[in-house]
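Protein chains in written order, with the working numbering: chain A, 1 to 298; chain B, 1001 to 1317.
These are computed hints drawn from the structure, not numbers from a lab. If you're wondering where the values come from, they're calculated on a predicted model, not measured in any experiment. We treat Cβ as the ideally placed atom computed from N, Cα and C, and that holds for glycine.
Stretch by stretch, here's where chain B covers chain A in the computed footprint (C-beta under 8 Å, at least three residues):
#1 29 to 40
#2 134 to 140
#3 160 to 174
#4 277 to 291
Taking CB as the label site, the calculated pair distances span:
#5 Leu190/A / Trp1101/B: 54 to 64 Å
#6 Ile1229/B / Asn151/A: 50 to 60 Å
#7 Pro1141/B / Gly198/A: 54 to 64 Å
#8 Asn151/A / Gln1198/B: 43 to 53 Å
#9 Arg1231/B / His71/A: 41 to 51 Å
#10 Trp1101/B / Ala207/A: 57 to 67 Å
#11 Leu289/A / Ile1207/B: 34 to 44 Å
#12 Pro211/A / Leu1300/B: 27 to 37 Å
#13 Leu289/A / Gln1198/B: 17 to 27 Å
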Amino acid sequence: MLSSGTSRLHRSEHRWALLFVAAPVVGYLLFTLYPVAMAFYTSLTNSNGLGVARFVGLDNYVRVISDGYFHQSLFNTFFYMIGIPIGLALSLALAIGMSRAIPARTALRTIYYVPVISSLAAIAILWQWAYNGDFGLVNQVLAWFGIDGPNWLADKDYAKPAIIAMAIWKGLGYSMILYLAAIQSVPRTLYEAAELDGANGWQQFRAITLPMVRPVTFFLVVTNVIGGAQIFTEINIMTPTGGPELSTASAVWYIWRQAFKYQQMGYGTAMAIVLGLLILVITLIQFRLNRRNSFVLD
Amino acid sequence: MNLTEQTPAQIADASAITPPTRRTPRRTLSATFGRQPLGRRATTRIVDMVTFVVLAIGAVVMIAPLLWMVSTSLKTKLEVFALPPVWIPAVPQWDTYVRMWDDSLILSGIRNSITVSLTVTVIGTFTCALAAFALAKMRLPARNAIFIGLLSGIMIPFPTLMIPQFVMFSKIGWVDTLLPLIVPAIFGNIVMIFFLRQYLENVPNSIVEAAKIDGASYWQIFWRMILPIIRPAVAAQFILWFMAVWNDYLAPILYLNTPQNQTLQVVIANMNVQYATQRDYPLIMGASFIALVPILVVFLIFQRQIVESVALTGAKG
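So here's chain B without its partners, still in its complex pose (with noise of 0.2 Å):
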């Protein structure tokens, strides 16, 4: 509770730590206009030379584990115990990601996510564009109630439903598969509906009447029309969605007991604590690597995209 007080209070002197920003100009743009031109534009230039070493520092900080993560699996377990430390292995040792498949769970696990990850995605983006199309441009009777009846699961974390929800999975027979994880996520997402309606509350409505004048159905208006109008949101909102289904790990831990039904995340976990009695370093560095290399790889492809719709999230939060 304290904490909201501070806040602004802290991010006040958070800006000591960025002295460029204090004493100079900021804008190129009025600086040019300023009674010394020149001076001005140079303080600027050095400023913004001064920020750009600052911000590369931190990117060194920032991107160093993730290197030392790849460059661990890909050391002897002689280096990585070496002192003084061995930053860059002599040989690197390719054999670690073979090894790697040999043990047939790290495939299955990557089987398993990828099973869940698209299952939940594809079924639960459709179902939400649905819903989302249904809020925002149909007639419903007591439409709004549904929304924030719908919204006000999102005051309910997901530790307080976990309990029962086990239980109910478990009474069912459900518990070691992997549909407890699919399931109720299928039926839809409401974060994703109330972006998507958000995205929808920007279309017009005149364009959803005139189709249903030229006697296209629901189904048309949806399939043809707003589907293909939502499809940057949705497109967004799928990729987030996918990423954090993908990273998923308290729920996967509740339910999967058998190492072949697990997902990466819970069977890198347990490689973690199975690999460490024995020291091998360097596989398990290379199973998270291998855990995290599909997210970057969409993520480097849609970073344009992806970096937009969470900025996005702030502004419409």
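One chain only, chain A, in its complex shape (with noise of 0.2 Å):
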């Protein structure tokens, strides 16, 4: 920037740069910031998509307020995210076994990340298929060991644990990658000295790898919180009704359903706001909370 290049070669480098960052520029415009915009204005309308909306003010909100299937369907999006200090634990335990000198470690890392990356769709398919009460595959290996299990998806106590299951099952091996890499990149030298001063195995995980992994798990909760609060994919294929009293209806799934199944673009766009504002406040108290906690500075 401090050099003294004239300034006509200065303006043509300042065009060509303009040129290059224009597509995104431009789609941030049109596909992000226009519809924010617009949903603002359509949240306060009865809009139905099609016809002329009628501006009613706060009444969409009011009825976010009241409308108890959404607070249901709130109370179950974030009932799922019992799920993430779960799935987080396990990784962080299968990536501690995974960095030890063990046989076929490519491979097992391998079976391990094969549900992240397959379809949900055909994941969720799958899923339903295997909590079938009766021919499923998971109440046929609970029988081995005489356990007769419940119709999992359609018994409102057991179908939000049987989401949460296999949500963990897909996103274990992605969290497990994550905190591999940061283990494996944590000095040696820390666990040599801390032997030489007599620390177990215990007291070098509370004091070596949970410290140098907590950027991982920072970044894992974050994202997985702003993903879960999302949840939608599993929910509509696994329950396609919401399950059996709303028991499993998520956030988005229900904003989906007013909005496109039962035209309610007007009410569905003020749900939504909501949402996109409590996953917005919620994240920036995690940065807060993490601010405060972490000692380094980067």
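Grab the two chains, each in its own frame, and use the hints to assemble them into the complex.
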């Protein structure tokens, strides 16, 4: 920037640079910024997507506050997030195991990663069948141990845990890969020094491994919460009607149903904005907490 | 919100799941120099074996549902509902995969999915690379502001945008075509721009300056110099993006109504509903398997690059 090129040359460079970034900038304006502005407007109308929309003020937002079904779907959405800490804990344990000199590491890593790359729709179809009460894989395996499993997805108490278990299974490999990379980048000398000081495995884990993988944990928590708040595909495929008593319906699923099945675009948009703001606030809080708790500056 | 506070503690608890790492020294290297070298090395080896067995059992759990999917697709309808369960079909019914092609929707689904995924990733990757070059290596007024503005787009989740986008595309008559899935994406993807820009940060400015002095145009610099340099990053991001588009489900079900226009993921989801009433689970499982085979193959071929670039995601994020 400090170089003293002639201004004509600089102007030409500016023009080329502007041309090169034009596509994403135009795309951003057309397909993100404009829809966001439209969303705020639509949420104040009774739009059904086709006819003339009437301005209804904050009616849709009042309805968001009083709509028990939406609250139920939000509750379900956050309930599914119980799977996040469980999944992270399991994947960290797996990554620690994988970081040892064990046979067939690459093959094992591949197997754990296959569910991650698999199509969510196909996986949801597979697990819907696997959770079948009479003929599903899950209950057939449970039967070996003398357990008579429920008809998972049709039971309002078991449907959510069933979906959580599936999500953990699908996401395990991804977190494991990130943790593994973080663990492998921890300098060996740290462990050797700790060992000389007489620290046992557990102490080494608490004092070295856990703090060193902390950035990865933070990244995974943030992205999993953002992704989890938008859970839809598995819900719509595994429980097309939102489950018994709407017990599996997620927020996005409910928004989708109201907007695209019942043509309540205005109300759907209002809910979508509330959901978007919730995600934003939660993410900001996480960044806040992370900054307060971390002592390493990057 | 509680979640974040709980997580570290939960993770700490989790290590209870791997007793091997708890009591024993972890490092073979340092163990060699320990006081009782033989004893320690033996312990390490035992712990490694136990770890291996635990991980192998876990791997069986991970792969079992997928194997069951394939095995179900090869069963007869009777075997599917047999009790006690049939694990491996007596005579594999390859016919399932023949019947599937008669159902021409699978074919059109594959065709539509390929059209969307390839168009989006090929053109989109190109726009992303160009933008990353400009944002990393060129003089541009308000360069950082533009970059941060684009990044802010990540903060807005798709469900918030989907309704106004749908209204927008329905006004210009794009509903029930592949265009709403393709057009917004070819303008570029900020995640990819971010990673390519990051990658370019490690490339010295001096080589760009040198090329400029030699009289190369910006286009030539991009095409002949920058693109070859960032090729590994582009390849990895390209594959990840391709997978994401191929596996997408929400946007396609919003826009695609006519069965012949639907992408593969929507086709199999509809088959799931349609054939479940006929109890044709072999066909459903077969079709679902077909839907994940292309990505599985891509993954097995480019495994190392994919895993490495995913690992990088965590480091950069």
